[in-house]
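Here is how the chains run, residue by residue.
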Amino acid sequence: DSGVTQTPKHLITATGQRVTLRCSPRSGDLSVYWYQQSLDQGLQFLIQYYNGEERAKGNILERFSAQQFPDLHSELNLSSLELGDSALYFCASSPYRGEHSYNEQFFGPGTRLTVL
Amino acid sequence: GESVGLHLPTLSVQEGDNSIINCAYSNSASDYFIWYKQESGKGPQFIIDIRSNMDKRQGQRVTVLLNKTVKHLSLQIAATQPGDSAVYFCAEWADKLIFGTGTRLQVFP
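So the sequences go chain by chain: A and B. No gaps in the numbering here: position 2 of the first sequence is 88 in my numbering, and each next residue is one more. No gaps in the numbering here: position 10 of the second sequence is 52 in my numbering, and each next residue is one more.
There's no promise every hint is true.
[To be verified] With a straight-line Cα cutoff of 30 Å, these simulated DSBU-like cross-link-like pairs (lysine-lysine) come out:
(1) B:84 - B:98
(2) A:143 - B:84
(3) A:143 - B:113
None of these hints come from the bench; they were simulated from the model.
Using the sequences and the hints, build the whole thing.
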């Protein structure tokens, strides 16, 4: 158990809908990262937050957004869902020792999103 | 219960044998290289990392080798066990984690 929790575990929805995925980082970790793992793209970095502020962006679509709250939990919002958004979405947290420094990341169990 | 169902390269080994999983990386400026293990239905789990100024690092039953000349990374698992069966990903750190495509390790008794 990494100490990172994600809810829900599974989510089934229809095209055009909007969903929110939730992540609670390990106790004491200030940084949260979101990843998408799909059949054809593998594991891809989406976005990072540190202590409530966006820190880095990866291959995140404009239809997707995220935020980190004062209690450090994070939410990933996916809107106008398409079939191709079906994937596993992972959250990871790290203690974050510096903006460009490598930080070991601890991954949650993921949310499996199915868009029908 | 597969992690993603990707058509991944597969390495099949017998229990007790040593396993070697290889990875090619792309960015010569990457600072760190990391190996993750992903079991079915779970998130990636950190195994071992190596800084770019090193060429070898050992952990418990695992060794990572880094060859910067050819941008190659390998993970060696000694005395492979059934519990080692998983998908293994290499990742490189260059301000963000960039993951490789993964290799599926199957261990047979």
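The hints, checked one at a time:
1. The straight-line distance between the Cα atoms of residue 84 of chain B and residue 98 of chain B is roughly 28 Å, inside the 30 Å bound, and the hint therefore holds.
2. For the hint linking residue 143 of chain A to residue 84 of chain B, the alpha-carbon distance of about 24 Å falls within 30 Å, and the restraint holds.
3. Taking the CA atoms of residue 143 of chain A and residue 113 of chain B, the gap is about 25 Å. The hint holds against a cut of 30 Å.
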